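Below are the chains, spelled out letter by letter.
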Amino acid sequence: MGCVESMNYEILMRDGSFKECRAYIKEHFTEYIEVQPGFKILDIPVIGIPPIAIGLDRDFIIFPYTKPCHGTFLLRVEDTAEAARLRAVKKST
Amino acid sequence: MSGDTSVQPATALLVLGCPQVPVQTSIALYLISRLKRAGIVPVVAGNKAANMLLVIADPDRHYLGEVMDLDRAIAQISEKKRDFDRCFVFIHNDAGISYAATMGAISHGKLFTLVYGEHVEDLVSQIEFPCTTIAAKAVHNPLPLKKALDEVAPWAA
Numbered sequence: 001m002g003c004v005e006s007m008n009y010e011i012l013m014r015d016g017s018f019k020e021c022r023a024y025i026k027e028h029f030t031e032y033i034e035v036q037p038g039f040k041i042l043d044i045p046v047i048g049i050p051p052i053a054i055g056l057d058r059d060f061i062i063f064p065y066t067k068p069c070h071g072t073f074l075l076r077v078e079d080t081a082e083a084a085r086l087r088a089v090k091k092s093t
Numbered sequence: 094m095s096g097d098t099s100v101q102p103a104t105a106l107l108v109l110g111c112p113q114v115p116v117q118t119s120i121a122l123y124l125i126s127r128l129k130r131a132g133i134v135p136v137v138a139g140n141k142a143a144n145m146l147l148v149i150a151d152p153d154r155h156y157l158g159e160v161m162d163l164d165r166a167i168a169q170i171s172e173k174k175r176d177f178d179r180c181f182v183f184i185h186n187d188a189g190i191s192y193a194a195t196m197g198a199i200s201h202g203k204l205f206t207l208v209y210g211e212h213v214e215d216l217v218s219q220i221e222f223p224c225t226t227i228a229a230k231a232v233h234n235p236l237p238l239k240k241a242l243d244e245v246a247p248w249a250a
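Just so you know, the protein sequences line up as chains H and X, in that order. The working numbering puts the first residue of the first sequence at 1, with every later residue one more than the last. The working numbering puts the first residue of the second sequence at 94, with every later residue one more than the last.
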């Protein structure tokens, strides 16, 4: 299982609701993939109400990250291999 | 003819939310007690603070059984390494709704949502996935939520 703390991430949104994060991704990123809860992004099972939108911007992945006490954060992480994997998943569905 | 005829006991996962609303710890211990009395093995999954509130309150483990990290529980269920017959998700904020929707999607167990706190009606209106909802406006006093739980009696379902 991956750990967010070990990643070099940027927080695009904090203290938002899950639905606000999904709307932000769809409004700000023309390229996105919709996945089910438990789908792994950077080896972390993603939490949320299906379908969960994951944004793609060049080599950056934009995804919601939920913690019980702090709500949902929208994170932006650069990972070339993971972005390519997600595009391949999108193409195959 | 020989063979293993033992029957595995039913299991239940309690997914704890942020422990900032006091009734959570009390209702979790109560639910664990009722589940155990019904022969159901309860497992608790929460963040460190939520788990420690239970562990410190029950040092001799009269009620608590297995306690695990919430992220690890979700990883194991989503990887299909483990599952539970029942799943109870404690909800008092938006994050709780996300966790409940996730459990509904990754687990085959029967899903129960326990909704409490100041914003019960708003939270209940956001639950659009199949589950049994047990809700009461309860922050400090656990009795309203206990009564709602007793009416549903999910340990007998």
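Derived by calculation from the structure, the hints in this document are not laboratory data. You may find that some hints are simply not true.
[To be verified] Lysine-lysine pairs mimicking DSSO-like chemistry, simulated, CA-CA at most 30 Å apart:
1) 40(H) to 240(X)
2) 173(X) to 67(H)
3) 67(H) to 240(X)
4) 40(H) to 141(X)
Just so you know, these numbers come straight off a predicted model, no measurement behind them.
Let me make sure I understand: some of the numbered hints might not hold for this structure. Which ones are they, in numerical order? 1
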